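Protein sequences, first through last, are from chains A and B.
Going by my numbering, the first residue of the first sequence is number 105, and it counts up by one from there.
Going by my numbering, the first residue of the second sequence is number 78, and it counts up by one from there.
The set of hints was computed from the structure by calculation and includes no laboratory data.
Hints should not be assumed to be uniformly reliable.
[To be verified] Partner residues aside, some chain B positions facing chain A, computed with beta carbon under 10 Å:
(1) Pro111
(2) Gly118
(3) Arg120
(4) Asp126
(5) Lys135
(6) Gln137
(7) Phe166
(8) Gly182
(9) Thr183
Source: prediction; values computed, not measured.
Using N, Cα and C, we set each Cβ at its ideal position, and we do this for glycine too.
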Amino acid sequence: EPEVTQTPSHQVTQMGQEVILRCVPISNHLYFYWYRQILGQKVEFLVSFYNNEISEKSEIFDDQFSVERPDGSNFTLKIRSTKLEDSAMYFCATGQGTYNEQFFGPGTRLTVL
Amino acid sequence: GENVEQHPSTLSVQEGDSAVIKCTYSDSASNYFPWYKQELGKRPQLIIDIRSNVGEKKDQRIAVTLNKTAKHFSLHITETQPEDSAVYFCAASNNRGATNKLIFGTGTLLAVQP
């Protein structure tokens, strides 16, 4: 069964550094999402992406965040200047359409020191 | 704003007993309600979902009920087994615009005692 994949599984970075998290969606999916989960807390919506543009973003998704799908396959989340509070598990999720379920990748654990 | 409340935060049951987790949502336009199971350090896994045009859905030992009037939905697990132990998240979404973002509840840690 196809699955969403993410790389890296764990990223450690210094505060102020840029990080790029990568996701490979399920091949026929058209809707892409990033969520984050701070340790021990609930999953929070960051951004949704459809037809090569952001369709919605949360208050968390400020100017330090960006997303793109540069090569038609990988879906990336970039954090330009990481802060300590960006430490979390970041999940990519993809779906076939607005009425369909979302499938989550295994996540990238980001640790900002 | 949009919010989903989930109760209880922890639930301990004996193997073979039933478990019920309840959620309420604030956005009356919500029309899709999935439940995810998350084992420690793993991804959330979709276990069952329900849409607003039905009141109940069942899949083997798990079932979900929806009360749109009360803006309330519940997960029911019967004949619980130790492998059901995990954190369960409810979520709600609507198809407003070109997005289907999920608003998650705060999670329920279910412990099934053998």
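Status of each hint after checking the structure:
1. Contact between B/Pro111 and chain A, as hinted, is supported at the beta carbon level, the nearest pair being about 6 Å apart and thus within 10 Å.
2. Hint on B/Gly118 holds. Least Cβ distance to chain A is approximately 9 Å, under the 10 Å limit.
3. Checking B/Arg120 against chain A by beta carbon gives a least distance of about 4 Å; that is within 10 Å, so the hint holds.
4. With its C-beta approaching chain A no nearer than about 6 Å, B/Asp126 sits inside the 10 Å limit, and its interface hint holds.
5. Interface hint status for B/Lys135: violated, as the beta-carbon distance to the closest one in chain A is roughly 17 Å, over 10 Å.
6. Because the smallest distance between the Cβ of B/Gln137 and any Cβ of chain A comes to about 18 Å, over 10 Å, the interface hint for this residue is violated.
7. This hint holds: B/Phe166 has a C-beta 6 Å from the nearest C-beta of chain A, less than the 10 Å allowed.
8. Of the supplied interface hints, the one on B/Gly182 holds, with its beta-carbon coming within about 7 Å of a beta-carbon of chain A, less than 10 Å.
9. The closest approach between the C-beta of B/Thr183 and any C-beta of chain A is roughly 5 Å, which is under the 10 Å cut-off, so the hint is satisfied.
Hints 5, 6, counting from the list given before, are not met by this structure.
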